[in-house]
Amino acid sequence: MTTETAPADWITLPGGEMLAWSDLPQDRLANGGPLAALAARLVPPGARVLVAGPHDPALLDHLGHAEVTCLLRSHPDAVALAHRAARVVVGGPAGLPDDETYDVVIAAAGLDPVESVEGARLGWDAVLARLVAAVRPGGALLLRVDNPLGLHRLVGTTPWYARRDDSAWAIGGVLDRAHPANRDQLRERLSVAGLLPATCWAAYPDVSTPTALLDADHLDRDAGSGLFDAVLHGACAEGFTSATVLQDPARLAVDALHAGRAADLAPGWLTLAHRPADPTGPSTPTADRDLPVALVQTGRPGIGVLEVLHGPSGWRWGLIPTNDARTPAVAPFASREAAYRDADALSGPVPSGRLLRTLLLDAALRRDLTTVRALLHGYAGWLADQADTDGRIAGAAALAGTDNVVFDGERYAVLDPSWRAAAALPADVVLARGLWRFAAGLLTGGYAHPWSSTLDVAGLTVVLGGLAGHDLDRATVGEAVEAEAAITAALHGLDAGGTVDLATELHAVAPTDPPVGAHSYQQLREAWLRQREELTRLAALTAWTEELLTSRERALRRAEATIGLLSGSLSYRVGRLAITPARLAKRGARAAKRRAVAVLAPKQEEQQ
Amino acid sequence: MHHANHFYGHAHVLARYAGLGDRHPPRINGYVQHGWNIGDGLAPGHPYAERTPSLLWSEQTRRRAWSVGRRNVVVIGAPFSYLLAMRPEDPPAEDREGTIWYPFHGWEGQHVKGDHRKLIALIRDTEPGPVTVCLYWHEYRMRNVRRLYERAGFRVICHGYRGHWWKDTDPEFLDRQLTELRRHRRVASNRLTSAIFYGIAAGCEPAVYGDPMILSNEDPTFGGTARIRRQWPQLHGTTVDLTTAVEIARAELGTGHRCTPAELRELLGWANLQEEEEDRDD
Chain A
1 MTTETAPADW
11 ITLPGGEMLA
21 WSDLPQDRLA
31 NGGPLAALAA
41 RLVPPGARVL
51 VAGPHDPALL
61 DHLGHAEVTC
71 LLRSHPDAVA
81 LAHRAARVVV
91 GGPAGLPDDE
101 TYDVVIAAAG
111 LDPVESVEGA
121 RLGWDAVLAR
131 LVAAVRPGGA
141 LLLRVDNPLG
151 LHRLVGTTPW
161 YARRDDSAWA
171 IGGVLDRAHP
181 ANRDQLRERL
191 SVAGLLPATC
201 WAAYPDVSTP
211 TALLDADHLD
221 RDAGSGLFDA
231 VLHGACAEGF
241 TSATVLQDPA
251 RLAVDALHAG
261 RAADLAPGWL
271 TLAHRPADPT
281 GPSTPTADRD
291 LPVALVQTGR
301 PGIGVLEVLH
311 GPSGWRWGLI
321 PTNDARTPAV
331 APFASREAAY
341 RDADALSGPV
351 PSGRLLRTLL
361 LDAALRRDLT
371 TVRALLHGYA
381 GWLADQADTD
391 GRIAGAAALA
401 GTDNVVFDGE
411 RYAVLDPSWR
421 AAAALPADVV
431 LARGLWRFAA
441 GLLTGGYAHP
451 WSSTLDVAGL
461 TVVLGGLAGH
471 DLDRATVGEA
481 VEAEAAITAA
491 LHGLDAGGTV
501 DLATELHAVA
511 PTDPPVGAHS
521 YQQLREAWLR
531 QREELTRLAA
541 LTAWTEELLT
551 SRERALRRAE
561 ATIGLLSGSL
571 SYRVGRLAIT
581 PARLAKRGAR
591 AAKRRAVAVL
601 APKQEEQQ
Chain B
1 MHHANHFYGH
11 AHVLARYAGL
21 GDRHPPRING
31 YVQHGWNIGD
41 GLAPGHPYAE
51 RTPSLLWSEQ
61 TRRRAWSVGR
71 RNVVVIGAPF
81 SYLLAMRPED
91 PPAEDREGTI
101 WYPFHGWEGQ
111 HVKGDHRKLI
121 ALIRDTEPGP
131 VTVCLYWHEY
141 RMRNVRRLYE
151 RAGFRVICHG
161 YRGHWWKDTD
171 PEFLDRQLTE
181 LRRHRRVASN
191 RLTSAIFYGI
201 AAGCEPAVYG
211 DPMILSNEDP
221 TFGGTARIRR
231 QWPQLHGTTV
241 DLTTAVEIAR
251 AELGTGHRCT
261 PAELRELLGW
271 ANLQEEEEDR
281 DD
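Chains as they are written, first to last, in the working numbering: chain A, 1 to 608; chain B, 1 to 282.
None of these hints come from the bench; they were simulated from the model.
Restraint-style ranges between C-beta atoms, simulated for each label pair: (1) R155/B / L556/A: 38 to 44 Å; (2) R552/A / A85/B: 31 to 37 Å; (3) A555/A / R71/B: 27 to 33 Å; (4) I157/B / A591/A: 43 to 49 Å.
Here are a few chain A residues that face chain B, going by a calculated C-beta distance under 10 Å: (5) T370; (6) G459; (7) T461; (8) L464; (9) G465; (10) E534; (11) L538; (12) L541; (13) W544; (14) T545; (15) L548.
We put the CB at the ideal spot given by N, CA and C, even for glycine.
All chains should be modelled from the sequences, with the hints used to inform the complete structure.
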């Protein structure tokens, strides 16, 4: 093998480099996101690490405590990353020095981009074999595998087999037998390659820049977990905001969770596998149980990567704070913002139970008003317990909507306590805000529900308040919408004008609108159907009213004819003559009364 | 507003509960079920605008209405349960006496086939205490029918006129019915009807016995009297298990679905009343 040294000493060019190509991800998460956090956790200080394939430069920044070698096919990428690594090998996997092994090999972009367009194609298994050979006995491999039947493909408007972009010189899919297509096949391939498969994380909403890495075994087992529910929903709702999709990815992910299939539907997996150590070797890894169950980046504003770790009494929160200048943490109480995130709050236990939104949606779909009533009663009661003596709620409970509250059958609890209101809000506004958000999601999401189509979002909020045992009025709902706008504006960093526009938009949300966020064909069609249904209802009502009006007009004409007939009669005229003095007297009395009232009224006002 | 919403002063009761006072009730954006019903909650034969919400008494009626093609069906509970919420104080048991008996009636357009004399004899043999017979308005005005019951020694009353085409609705109808029910220990009829459920809810022991007096033109769509006897056998007989009856009445009147005033205002379309609508119009 010939090796050419590039201008920078630490770039090695063993052949096969791509000179006019870049793989570096365009969309990057603050601080490298959960993937960088996971990589940092897996790499012990001083370890020798091979990062194979293109990765977010922030991931390399997280590995400052290790000696990193990068394997890249793109020369421009190598130049861009060179100063972040001890060495960069540019070319295909064949360019790796045969005699070098590493404590940890990271291939978190998958095996496909490890191969160059130049030279002979090795295929998935051969690339894996090459990387496995680079793992020292007792070392570990972190590998990404894309799911050919993942959520991203189920919601995508473009079929996977129709890609024509530059990177599609080869397209992998379910037809490709070289790729493992599911977790069982992946485990088998790893075993054949001589590795011991360990933890596998499902990557959502997108395998190249996942904002949520969730332990796949736990996802299979804990189908009712409110944490997973909220994380999957949040990740998929945020991850597709600007995309056009076939169906709501958040709904699909949460449905998959409840069916015990969220790991199977993940867009991809990150799996950790160990190369068995020499039996006499001292460094056999045993620390997998300390690895996080979940690594999640939520925002805005981002505060770093939230970890869920095993604790002696269940799961507990952890946080890897951000050091990214692009997302400055909002300083609590330093401004007049309505809400902020408190990184320090993420240290306690993660409350167990199911997500309140899911419980409510389920009961609404089943038209189980008794359950809706019980859940909302409990929620409202729990919120009331959080209020101070003035009836105001502060801190995390003030923002506790149905999408951040879990219920374990007995108790309600805030799931992620880092979302906090800067100033205490009246308890009924907090309740109304939670219910309004739920009502808006229910109606615009096109969910079937047990209420009439004539209710608008504020109306349904009042109805939900009634079911919770609180007689909310529309003014309170209006305040709640204003609070929602202020809170969202604070969390998204909107200016005053933006906040006003947002409030106007929120007030105008109608049941026949599609949901805010991703444009899903399914939901757009449902919104159109609702509009059509409403038009049909109104047309039928108009026709009925017209008919009724005609019949009432006919009745009126009959009555007028009768009156005309009677008022022309002799007895009517005599009677009218007889009561005229009385009528005049009554008119005079009324005028006198009016005058008296007019005289007295200002005096009464003065007294008040 | 659909004129059936005014029947028995239902709209007036709902308006009072919703905090609108004794004013004339505003138009309801939907049809309120106006009687206990084994069909879709709407009275057959009345013209209804398609897709306008049906505001029904019970969850069972909602399911049934949906199954026969109705949509926009919402359970709000019976107006009578709203009246109970406004007048919750049940009298002590010792203040109750005798039986209030509702001979089954059709409405004005229907003609009841049956023998009032046989029914009177049966009531005399069955009822332990004094009997008040409550006749439907058009039977009450039929002197011969009224006389039959009066001569039997029964007190004969009428709760009022349910109204027709917005005219002559007695807004006190339900109130009067509740007052009468609370005077009696038992409520009975020859058919399972709204009055029996109202009676149970008002604290009476129910009984359903005697010739059900089939209507000459009874609509068999939903199975008629025979189905009622099949589906609710536990409520038929001269004595009925009270606990079971109370449970069934609760479900059929949708007592658990009673809305709060603000909730009701939204569901009836009374949340954003126009000013002229808020004015008293009669």
